[in-house]
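**Q** Residues per chain are reported as follows:
2 protein chains.
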Amino acid sequence: MSRINENFLKLPGSYLFSTVGRKVREYQEANPDKRIIRLGIGDVTLPLPPAVIGALHAAVDEMSVQDTFRGYAPDLGYEFLRSAIAEHDFKSRGVDISIEEVFVSDGAKSDSANIQEIFSADAKIAVCDPVYPVYVDSNVMAGRTGIYDIAAGRWSNVIYMPCTAENGFIPDLPQQVPDLIYLCFPNNPTGAALKKEQLQNWVDYANRNKAVIVFDAAYEAYISQADVPHSIYECEGAKTCAVELRSFSKNAGFTGTRLAYTIVPKELVVDGVALCGLWARRHGTKFNGAPYIIQKAGEAVYSEEGKKQVAEMVGYYMNNAKVILDGLKAAGYTVSGGVDSPYVWLKTPKGMGSWEFFDYLLEQANVVGTPGAGFGPSGEGYFRLTGFGSYDNTAEAIERIRRLV
Amino acid sequence: MSRINENFLKLPGSYLFSTVGRKVREYQEANPDKRIIRLGIGDVTLPLPPAVIGALHAAVDEMSVQDTFRGYAPDLGYEFLRSAIAEHDFKSRGVDISIEEVFVSDGAKSDSANIQEIFSADAKIAVCDPVYPVYVDSNVMAGRTGIYDIAAGRWSNVIYMPCTAENGFIPDLPQQVPDLIYLCFPNNPTGAALKKEQLQNWVDYANRNKAVIVFDAAYEAYISQADVPHSIYECEGAKTCAVELRSFSKNAGFTGTRLAYTIVPKELVVDGVALCGLWARRHGTKFNGAPYIIQKAGEAVYSEEGKKQVAEMVGYYMNNAKVILDGLKAAGYTVSGGVDSPYVWLKTPKGMGSWEFFDYLLEQANVVGTPGAGFGPSGEGYFRLTGFGSYDNTAEAIERIRRLV
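Going down the list, the protein sequences come from chains A and B. Just so you know, the first sequence maps onto residues 18 to 422 in our numbering. Just so you know, the second sequence maps onto residues 18 to 422 in our numbering.
Worth double-checking, as some hints may not be accurate.
Any copy, or any two copies together, can satisfy a pair, since identical chains are not distinguished.
[To be verified] Within a straight-line C-alpha distance of at most 30 angstroms, the following computed DSSO-like cross-link-like pairs (lysine-lysine) qualify: (1) K27 / K283; (2) K40 / K283; (3) K339 / K367; (4) K364 / K108; (5) K213 / K339.
The set of hints was computed from the structure by calculation and includes no laboratory data.
Could you put together the complete structure from these sequences and hints?
**A** Shown next as structure tokens:
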């Protein structure tokens, strides 16, 4: 008799973004004349850059002719893309990553959800609070997280590392030592970034305790300050304790095009076993490579033209973030993020709850953001706005918020 | 201290196709003047059909303009594709599948590897022998399969269902009742197909025993006989016991383009829980949708033009399969498959082992096939050839084999 994986039933029922979507829909239906501006989601809005579009068309043409048609891709990615990644994302920053350490995939969401598979069933995980929900939910499904306390919004067997104004949204090293540490910097949702010596502390802690860091660097392209590392491998010793997740979504606008990669260094050995071998086996068994045409699009991101166009897109979004940051500051809000990240994290005014402020902003300014509490209990009393909208909408939204005060 | 998932270490080390690749490479290096013909792999060789190419170019153009750019896709697939699937693959055959039961993904390999996640950790699986390795390997990684007996080539906690000449390559219903039954028909590697009443037997067995069938119909497009069902849902009661995997790889040539889908009927309830909800949650947490441009390419497969072009491609490969089947028969080989499938399964002559025949064919005819033993112990003494090559190569390969006799 078949039985289900009961861990799935432990997952809390409502999704943050579906609740947001429902509330916005209901408000719009009740107020059809209002023009709602959405600064809530983390999705990009600019079209793919011309270099990428050109590469896609060329690759499609290759697929139309027998001589250049491509069947099954290598499970781990085409060499042309893996070598472009190693060269432009790492060697150019003085980090030596070989192409065998680059594992191409269909997205950082998939990678961040799947990476737990190569660790033991009783691995204890540590996550920032607030946090991107996939890290925890994928471990819930694997049965690692214990019991969910609805009132506290926390799992009994997860180490939470609060990121609040008190610690500048930078987590403290946990007292109880985890086996697996998820770190996302520049951070979603707070927009905080780690300086090199702060990240070095984490690397040293992980090496000291034989823990593994899953370093999610999806927002790396948004780093503007010189002392913020773009890769964890800029820190000494990181290759023996960290995997790094990267994405083409937020730099080159691939959220709907799907391409990402994970670095698993050869030196990363657990229980005497190199994790890169386990990850390769996982890819080889459960994944069949990213589409050829999408990998060619990824390669074009590293062309001279592509790099310039991507930098312009990132600049556009970062200008929006600055508009939000400066505008809210001028309006008396307490804000952070927005400097090395497209996310601005604001303290809700007058002690309002996150969801209370969500309703207030939706109804009074017709602006949609994301309640901080949706990312974890330490997000309560905070609110996320993103720079991924259009400039005109962003500027108008901030003007509307300023008029509220 | 971090620990690995030790189940990964239980996996046998060598891959079937990498061993094949190494042997071919070594032979070619030693004999650079020989022209080797490869009829071993299951990869397509014809370019993408024009309707698909046109849809890809159009979708790329949409991604280049802000107004038509698409960011994150719906996790479960765009409605335009899900409704085309429900209409053309099911309703047109009298099977009522709603779009909420269609889950679009990046490939049937991923789906067939991931589907086990929604079942209990102690689920007992049954597989055909010989079999596509992913079904078993994904369960090995999840810790369900017990201990591997190298000599027997079998796991202690897996129910094997031999498919041999004695049963016409159609498995018998297992004595010990499994929880999860993997069936792939038309079959890879044997090329055998199930008649409707044979598949109905399996559906009845699964319903009687509350087992779930994972029905892999990746080769559905190759069915030529009227009494062979294209979908398991043509059988009465299948919606309460079966999920079905489909792929765009083998019909429309998407092996390097990556698109597939799984049907999870609403009526499929295990432990009082609808599996479609669990699978949706799995997709929502661990997958971020197939690329927009690839989903548009999938939609084009269902256009009038696309259907015609796909039928031509399938016809081309099936003609190759017929050339192999007829040629080998005429040469005195015992062969099966090749009628509802691009795969021809032949009995090795003179009691040769599978690998012995592989070497013999490589050295004497410079033709590459796949040793049956690579798919499981009951594949010993058999050999797989595929219709996915070019016509000229296929005809020449068969001529070379005939000359051997």
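**Q** Indicate, hint by hint, whether the structure satisfies it.
**A** A quick look at each hint next to the structure:
no.	hint	in the structure
1	K27 / K283	between (36 angstroms within a copy, 21 angstroms between copies)
2	K40 / K283	between (47 angstroms within a copy, 27 angstroms between copies)
3	K339 / K367	within (24 angstroms within a copy, 78 angstroms between copies)
4	K364 / K108	neither (39 angstroms within a copy, 53 angstroms between copies)
5	K213 / K339	within (23 angstroms within a copy, 64 angstroms between copies)
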